[in-house]
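Peer 1: Heads up: the sequence lines are chains A and B, in that order. Take the position in the first sequence, starting the count at 1, then add 1203; the result is the number in our numbering. Take the position in the second sequence, starting the count at 1, then add 21; the result is the number in our numbering.
No wet-lab data here; the hints were simulated from the structure. One thing to keep in mind: the hints can contain errors.
[Stated by the list, open to error] Just some of the chain A residues that point at chain B, by a computed CB distance under 8 angstroms:
1) 1255
2) 1332
3) 1432
[Claimed, not checked] Simulated coverage check for chain A against chain B, where a stretch passes if three residues somewhere in it have a Cβ under 8 angstroms from a Cβ of chain B:
4) 1322 to 1329
5) 1450 to 1464
We put the CB at the ideal spot given by N, CA and C, even for glycine.
Letter by letter, the chains look like this.
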Amino acid sequence: MNRRSWFGLVKLILTLAGSAATTWTWAQATQVDVTSQVTLTRSGYVYNRSTNTFDSTVRLSGQATSIPGPISYVITGIDPASVTLSNAAGTTPDGKPYVKVPVAAGGLEAGQSVSVVVKFANPSREKFSYTYQVLSRGTDIGKYVSFGGPPPILAELDALPRDPDTGLPVLIGLAEGSLQVDATLRDPITAVGACTGWITACLKPGERELDDCARSAPQCATNTPWLESSACCPAACFAQYRTARLAGMPQIATLMRVYVNDGSCFPQYKGRR
Amino acid sequence: MKKSRSLSLTALTVIVGSLSFAPLAQSATVYFVSINTSVIAGTNAVVALDFLDGGTPSNSVVISGFLTDGSLGLQTPTGDVSGTLPSTVTLADFQFFNELLTEMTLGNTLAFQFAATANAPDFGSVPDAFSIFMLDPNTLLPLFPTNAPTGADALLQFDIDGSEPNAYLASGGEVTMTVAQVQQQVPEPGSLLLASLILAGLSCQRRHHDWAESLTGPHRRPEQSLSQYA
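Full structure from sequences and hints, please.
Peer 2: Pasting the structure below:
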């Protein structure tokens, strides 16, 4: 692999590293109530002596349409309140505990069934009942945002020292050799750099999240994106990104996996394998 | 003999009639449970029979016909439990948690049958559930893991919602369990009523006609079998 071609990726990684501290507090995508779209069967309680909880198996079956994941089984209320859900994976923004429904990345297909166990702590062994809701992360990831694209990198390159032999800007200089940048090079790797460069330049936490930027990146018109006149991203990349995000993968990890490490959505790019 | 036959028919009429109106007998399905404990015979264990309330309406479970070649020890009821093994035990759900713990030295087998009322859960309730465990007498934790989906290591769970009992496998093969529905030849309510009327009619007719004398050979067999109810 041409060392000079790594410039786009190096820039991406540096950019992401700088913004990593803020990525984990980004708001989640909208939750959609899909309770009416599933057939739900709750088993009776069984006493689990290992966890001192009263356990029930909840079986969810998809109806006519598939439901995108991730899917949560939310306990919206327990009567009496002294009984609590002990195996909650987290709480919704309004404080309701939930467990994750184990569905594949694509969600719950029509006719497919999955089960999840709910465990209730009931120290007084009182009669209790609870209400629930089934929530899906929804079908949309991010929102469209307006971004004009990253500034030209030539100005940054001009500030770098030049290699006396090639005349190219030197990104990293070592006694054994140097990492040089050829800004005129166009190949599948520079296409990855152009796409990810657009997305990361678009990123502005609190205003334009990674989800928004991945969704809003200009779509490539050809199978040779490195020959297109401006930065673009293949449509297949956002499709993969969306699937992974709906399955619960964090934004930054999804971007790295789909656009860099795997890279199969880019024509002729073999990823970082 | 004539009087005996007449009483037999009347008694059967009463029995059949009562079957058709007794709610438990009409709705209950009886299951036979057999647990082969020969692999761990001689082990001290606690057999837990749990009945947990899932909400309205109420239900109950009756355990009867308990047999084992092991030995029974102390029995500890909690909640709404009446009776002790090996006699009939009834678990009801006026409380949430109802349980009978029975200390045992396991033999090669233990078996019993159970029947539950069949009141399906109301909207908002989960089914009332009967479950069976085998516990370590020192810790009261499961004696061995099973493949029960909740991880509670139950050997059996029966939800009163119209579904069949779920029998689970002991992961290490410590015990094997079979659960079978006891075949009951209970006629449809309509035919029960018809049978009652016919039998009642026959019983009355018997008082006026000595028709029984004309019955010979295999035709007399019903009378012989019916006489056990007199």
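Peer 1: Tell me the numbers of any earlier hints that the structure contravenes, in ascending order.
Peer 2: Violated hints: 1, 3, 5; rest satisfied.
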